[in-house]
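Residue numbers (the numbering used here), protein chains in the order written: chain A, 79 to 657; chain B, 0 to 276.
Simulated from the structure, these hints should not be mistaken for laboratory data. Honestly, I wouldn't trust all of these hints.
Chain A regions said to be covered by chain B (calculated; three or more residues, Cβ under 8 Å) [what the hints assert, rightly or not]:
| id | segment |
| --- | --- |
| 1 | 175–187 |
| 2 | 455–467 |
| 3 | 519–527 |
| 4 | 554–562 |
Glycine included, every Cβ here is placed at the ideal spot set by N, Cα and C.
Residue-level listing of the chains:
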Amino acid sequence: MITKTVLIKDTTPGSTSGTKEFFDVFTAALRESKLADEIRLVRAADIGVYNHGIVLKILPDNITYANVQHHDIKRIIGVTLKHGNPIKDLLYQPRAYQLRLVLKNCGRIDPESIDDYIAHDGYRALSAALQAGPDTVIREITASGLRGRGGGGFPTGLKWSMTRSTPGNEKYMICNADEGDPGAYMDRSVLEGDPHAVIEGMLIAGFAIGASQGYFYIRAEYPLAIERVQKAIDQAHAYGLVGERIFGSDFSMDLEIRLGAGAFVCGEETALIASIEGKRGTPSPRPPYPSVKGLWGKPTCINNVETLANVPSIIRNGSAWFSRIGTENSKGTKVFAVTGKVRNSGLIEVPMGTTLRDIVFEIGGGTASGKRFKAVQTGGPSGGVIPEHLLDTPVDYDNLQKLGSIMGSGGMIVMDEDDCMVDIAKFYLKFCVDESCGKCAPCRIGGYQMLNLLENISRGNATLEDLERLRLIAKAMQKASLCGLGQTAANPVLSTLRYFEDEYREHILNRRCPSKKCTALLQFIIDRSRCKKCGLCARSCPEKAITGDKEHGYTIDTARCINCGMCFETCKFGAVERN
Amino acid sequence: MIIATINGIPVHVAEGTTILEAARQVQVKIPTLCHHPDLPPTAACGICIVKVQGSNKMLRACCTPIEEGMNILTHDPEIVEVRRTVLELILSNHPNDCLKCGRNQSCELQNLAAAFGIREELFPKFISGIPKDDSTNAFVIDPDKCIHCGRCIEICQELQQVWALSFLGRGFSSRFAPAAGMRLVESPCVECGQCSSHCPTGAIFELDETVKVWQKLQDPDNYCVVQIAPSVRVAIGEAFGMPPGTNMTGKLYTVLRRLGFKAVFDTSFAADVTVME
Ligand SMILES: Cc1cc2nc3c(=O)[nH]c(=O)nc-3n(C[C@H](O)[C@H](O)[C@H](O)COP(=O)(O)O)c2cc1C
């Protein structure tokens, strides 16, 4: 009878052959110990541990061993498989761990059931806050060190106290759920997975600043989030947790949803306010800040979804609990959407201060292709790339800024050696150019001109002076754009220039794209020795640039070739080369 | 009262005064483009940026209230370089047909380019090529010359409450236009002229028939008469540098006769008659 299962996986980057040999040795050893009928060995496809040599997972004991050597097999059989005892020095010690505070309930509770939320300590923080009073709430949030997760990292307690101290008896609370960065879906997941936590955060914030009306500004592309938040508001209303005299106290607050049409710039707070007011969603100069003059001219506090989702647990567990997590100036955890060329793409939540290397390699499992890691982009289109040699940087607001990137809202895109940095810069800049509202000149025209310069570089039609032009425009955009979109739009260009200027120069001086991404710079030729003269390439060519016949073979007329790459894709024998 | 310094010069100004206004009080000139004294700042162009000691940002002087103890710097190589780049960018999106432009010699962009000594084009030109709108008898709209200062829209929507003009589209394909992209003649436009009189460039200008009038005057087969509106006798004085309010009635009649008009009628005569009736 099978009593235990051992999953085996060689997690050395790029190596798979190691497991087979190890597997055979292990199998033989089991047979020798007469355990072959009780222990099942399985070569696993993925064990969730990466870059730790040969990894074993023993079930049902749930013991994980890392960096196992052949000579460890005997011990494992004797100590663990026979007697169920762990071997300390082999135990897998994760270098990084996830800590789910914001995502705590996501996937664990039924997001459509308020009872389920209440059963998991839900609305206890609201009740505690109402008893403690607004000043205590603000003091707690300030002491916790919580900073805005929407990108700017502004201290949340300070924002609340500023809004509270502005005179006026009509104030507003807004939850920013416009989430527009490409590849980011942290806020959507929280709204869909734990809507009541955000509602509870909104109510606590509203109570603290003195608001009686709150709005969720959710992009219309998030129908499920909208549906669940609406359902949650209705349920909370029915329970007396939203609306008049909440928990029987003097505090009343209503919540409503407003839909955004998916413009990235409408995530900027002044543009967001204009949008809710029914105006064109363009930013306005600050000051006056929303805390002084916001929605309908009244003092308004705007917080991100993730910021608000942190609030109930801080109130419940106390500021000291929260401020123990993270780094000196960045407390708590951060949710990241890790995507791109990474093995495990998905949402992760880690304590602030976790290194980029641990996020990408330990949790993310390194590159999916097994190819060389090149860079990671944080902060989405407003951020920058961070190269390999800086991966040991602990992630927090200040460190990322020093590297020319930003924390942003939590998008993280991993790139490997196939990614061309000029192409990456072009991709992000294009996003900002498309999303620019067009109000201020530096962003509207600067972005467009930079994009053209990058386009020329990727076609080999540029000079070194164009790099100076790029820097000049980038500076003007950073310094003279009206809102954060324009001020940060040049970051991807500047950071790729900072860390990969060689690649730019290679495009300009040698008209060569080292990652073979910029098709205009490639040359396609047919390697006669590998060509099987099948003629598929010639048929696939839209420009009829490939001539020849099945007898003599084929050649590409480079003058007519438009570098579309069809022949390269079509050839089954690898006979088309691109250089 | 707020006390601060601008380029080391102390300023004492009332609370709420912008950096731009404060600078003018101490004779420091900060260049501007989108700013207009009649209108709240739209903060669009980014030319008036200044530095405040202790911050590595640059702030727009037109819309930033000066704060107690601020030490403001209006000119240094970095500021001037950023301003110049922004101006070059704006020029790269503006046609070079000053000689044929309705706003030739009264264009704020032209003046700024002259003040910065722009002699070459740093960036390639791109002009959207949106057709002109001359559907009314009052104005010509030339969207290609628009620098997106937003003055016309602010006036049309907020001051005049007409809402004939608005911004359409986004990014570099955004443009100002009669609402929903219709022609001006079909829009709610009442031809009040506030937009054109505040436009810094040739993007909105009054339909100019001077050349036609000259042609008629010189045609011997025509008997040309002229009638002037009451306001002109005073308004024209200012254009010739007279103190505001100077009555120019006599000079105006003489000049019109010298230009070749055979008879001069004055609307104010009819107005007087109406009043006496
Ligand atoms: C172009 C632009 C887009 C933004 N998009 C978002 C967004 O999608 N979600 C968000 O929470 N904040 C966004 N922000 C930041 C907001 O302006 C604001 O700082 C934030 O919502 C404040 O909340 P926090 O203090 O909780 O972070 C954006 C800012 C800019 C300049």
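Subject >> Assertion that chain B covers the segment 519–527 of chain A - criterion: three or more residues, beta-carbon distance below 8 Å >> reply: holds (count 8)
Subject >> chain B over the segment 175–187 of chain A, status - at least 3 residues with CB closer than 8 Å >> reply: violated (count 0)
Original post:
For the segment 455–467 of chain A, do at least 3 residues have a Cβ located nearer than 8 Å to some Cβ of chain B?
Top reply: It is violated: at least three residues are needed, and the segment 455–467 of chain A offers just 0 whose Cβ sits closer than 8 Å to chain B.
Subject >> Coverage criterion applied to the segment 554–562 of chain A (partner chain B; beta-carbon cut 8 Å; 3 residues) >> reply: holds (count 5)
Of the numbered hints given earlier, the model fails hints 1, 2; all others are met.
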